[in-house]
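For this one, chain A is given, so just place chain B on it according to the hints.
2 protein chains.
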Amino acid sequence: MMTKRIGLFGFGVVGQGYYQIAKKQKEQWVPDTIVVKDQKKRRPSDIKFSYTAKDVFDKNPDYILELISDEKEAYEYVTEALKRGITVISANKKLLSAHLPELISLQKVFGGKLLYEAAAAAGIPVITNLETHFEEDTIISLEGILNGSSNYILSRIFNNGLSFEEALRMAQQKGFAESDPSFDINGSDVSSKLNILILHAFGKFVGQEQIATFGIQHLGDVEINLAKALGLKIKLMAKADKDYRGISAQILPTFVEESNSFFGVENEYNAVKIVSEHLQEQFYLGKGAGSLPTGAAVYGDLIKARNGFSYNYSKVNFDKPLDEKLLNLGVRVLFRSKSLEQNDSVVFSPEYSIHLDGYYYTVGKVKPKNFSRLNEEGGVSIVALPDSVSAEDVDYAFREIQKSVEVV
Amino acid sequence: MMTKRIGLFGFGVVGQGYYQIAKKQKEQWVPDTIVVKDQKKRRPSDIKFSYTAKDVFDKNPDYILELISDEKEAYEYVTEALKRGITVISANKKLLSAHLPELISLQKVFGGKLLYEAAAAAGIPVITNLETHFEEDTIISLEGILNGSSNYILSRIFNNGLSFEEALRMAQQKGFAESDPSFDINGSDVSSKLNILILHAFGKFVGQEQIATFGIQHLGDVEINLAKALGLKIKLMAKADKDYRGISAQILPTFVEESNSFFGVENEYNAVKIVSEHLQEQFYLGKGAGSLPTGAAVYGDLIKARNGFSYNYSKVNFDKPLDEKLLNLGVRVLFRSKSLEQNDSVVFSPEYSIHLDGYYYTVGKVKPKNFSRLNEEGGVSIVALPDSVSAEDVDYAFREIQKSVEVV
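Protein chains in written order, with UniProt numbering: chain A, 1 to 408; chain B, 1 to 408.
If you are wondering where the hints come from, they were derived from the structure by calculation, not from laboratory data. A couple of the hints might just be wrong.
If chains are identical, the list can't say which one is meant, so a pair holds when it fits in one copy or spans any two.
[Said to hold, decoys possible] With a cut-off of at most 25 angstroms between alpha-carbon atoms, the simulated SDA-like pairs for lysine to any residue come out as follows: (1) 26 to 246; (2) 228 to 262; (3) 48 to 20; (4) 26 to 243; (5) 315 to 244; (6) 26 to 275; (7) 23 to 319.
Bound-form chain A, shown alone:
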């Protein structure tokens, strides 16, 4: 087989993982040009680096791997490549989430292909499976743990009894969380990924800003102890559902029962559950972070592209607008706030309420549209509550918590 010209943008965690795999597997997949930004950074001396995108494009590459984190630069390189009909592999969820409709058009118009498995759940081939195995099945819901850092933090809190701050520090030491971990823990990284997956599952582009998102940063001891008292865990769940009315989606810390497949998803693992009409229920679990698993997903995309595989976007009806307005259906939650007024203005269908240590805790429904405002108001915590956990269960757990405090 003739050697292909491959240009690589970025030599961070994912780029290095890809490079290591290509070097070992097949010399022909080792990039001939690697563009990095920072000229001062210490890098392996046996690899030649470039500092300008021109070095890649001048060589008329067959494939471009876009593995940088900056969204604006990535947009420039990827659109340029697609306009030249080049096949691009990207792991950039921010870019994809922001520009998918345009990037799909560019593929259609210029014939270049764009694959991006690593952008959704790192090593787990969820986009590939949605585009092949589920191609003509009707997806009913898609649910997942899509951020390894926040899942690692929650694992340390629930399995090792660490505080949120201790767990976050540990995640940073392990390299699972960025030095600025806010995108990981506030759910923003997850909402990029869910936005991408919604397009492949339901054929609609909802846009990240529409996906109501509440991260794990507001979780307090009470929510954590309540979960423990009931034998539950809290996981940061991304969820999208479709029915005859339309699509609803949100990202919320969620009480998860032991019988739930996600209960055992720990540390840096990601997992996705797809419910569809014919295949019914499938659950995929794999590494959601790490140099090799993510690099291997990029490498896998390249092999798939070489074999002629591309996304058919089979769920998309191109005769209709790609954009879709999300429904704003109430979600059953445990809601915490400092003021009764805030509580009453947001929670409807209340089932239970308790005042504890200056906070109001209520079981009831909250509309996703309110999440972003509540995120900013402070003092608020929202944790989704499965229907099978009754108000009586919550009441029991609150009594248990208070008992243990009294004993101390």
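Just chain B now, with coordinates in the frame of chain A:
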């Protein structure tokens, strides 16, 4: 798109599932000829049936769906179709397990394609993922629950306290087990599937008769109560490993710990865990039986074939013989037998032994090569034991069992 001619062999559980999906999704995928065997059986009056394969082949079909259970007939139709260069979708694990090397050759020589996702884990796209996402990754181990009936039986025993006989009857009533369920419970169905998966994971054909297989039919109350006393479950696990020495594989009832992903796989679900060098660990769970999930896997294969997808058999080195002799490494088990001689002739590295109600129970290692002989000798039970369950744990559990008997 021009309508394709599709011939369907078989209108059992899978054929009907396929038909129902095709009818709803796309008229063009509804078979124009359906061949069934039994002319006297009551069938839907709105569908025209044929009773000879000639009716299919005379029409020069583009695709043939082989969804019958008879291996010999299936061999005839599938080889005939492949020799004509026709694309075939099969769900027949017996056929595939027996004849894969020849069926691969026929594809290579005549250009017809053969896809068979439904033959491995029904709805779970494990072959597709091995052939795409894992195409150039090195598989280290593959493990799975691959038979829905025996898993359903074990779920009823462990979750509802039924006896083996009651659980089997219930599985038959639910339609999960055949009227002759021996292939389900003796592991023979699982060994066909593992034989197929080993080829896609490791590129070697080991042959079903080489895979040491022990089913769930010899499980006794003692093994079940022992598991319960230790908070374990027993699952019928298929396992294949590869290292520098070669491939080892066996099918054994296995004590499974709560921390194991397979612990929560219940009822008619199947699950597969793949460990590889780069993607590391992935776990897939989905329906392993049922008309719609299995029919959907067949339908999915047809869509993939239309998109140009075929198996690359990328792990196979076609310059070398496809056949491979399995290693015969000892497996750590709890071994039960009626005679001390049988025990001593089979178990090595013994760690623990106890004599109870006329049986000898020993924790030690057993070579897979002995399984088939032991299967026939009677009175023997073999349950694989994870290393983390110590001989002391087993001793504790035996004392607990004896205590509870004494109390009664």
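We went through each hint and held it up to the structure:
Taking CA atoms no more than 25 angstroms apart as the test, residue 26 paired with residue 246 passes between copies only; the shortest distance there is 23 angstroms, against 46 angstroms inside one copy. Within a single copy, residue 228 and residue 262 get their C-alpha atoms as close as 16 angstroms, and across copies as close as 24 angstroms, so both meet the 25 angstroms cut-off. Taking the shortest Cα distances, residue 48 and residue 20 sit within 25 angstroms of each other inside one copy (15 angstroms), while across copies they are farther apart (57 angstroms). Proximity of residue 26 and residue 243 under a CA criterion of 25 angstroms is satisfied inter-copy only: 21 angstroms between copies versus 46 angstroms inside one chain copy.
Taking identical chains as interchangeable, the C-alpha atoms of residue 315 and residue 244 lie at most 25 angstroms apart only when both belong to the same chain, with a minimum of 16 angstroms there against 44 angstroms between chains. For a Cα distance limit of 25 angstroms, the shortest separation of residue 26 from residue 275 across copies, 21 angstroms, qualifies, whereas the shortest one inside one copy, 37 angstroms, does not. Taking the closest pair of Cα atoms, residue 23 and residue 319 come within 25 angstroms of each other only across two copies (24 angstroms); inside a single copy the shortest separation is 44 angstroms, beyond that limit.
Consistency note: the structure conflicts with none of the earlier hints.
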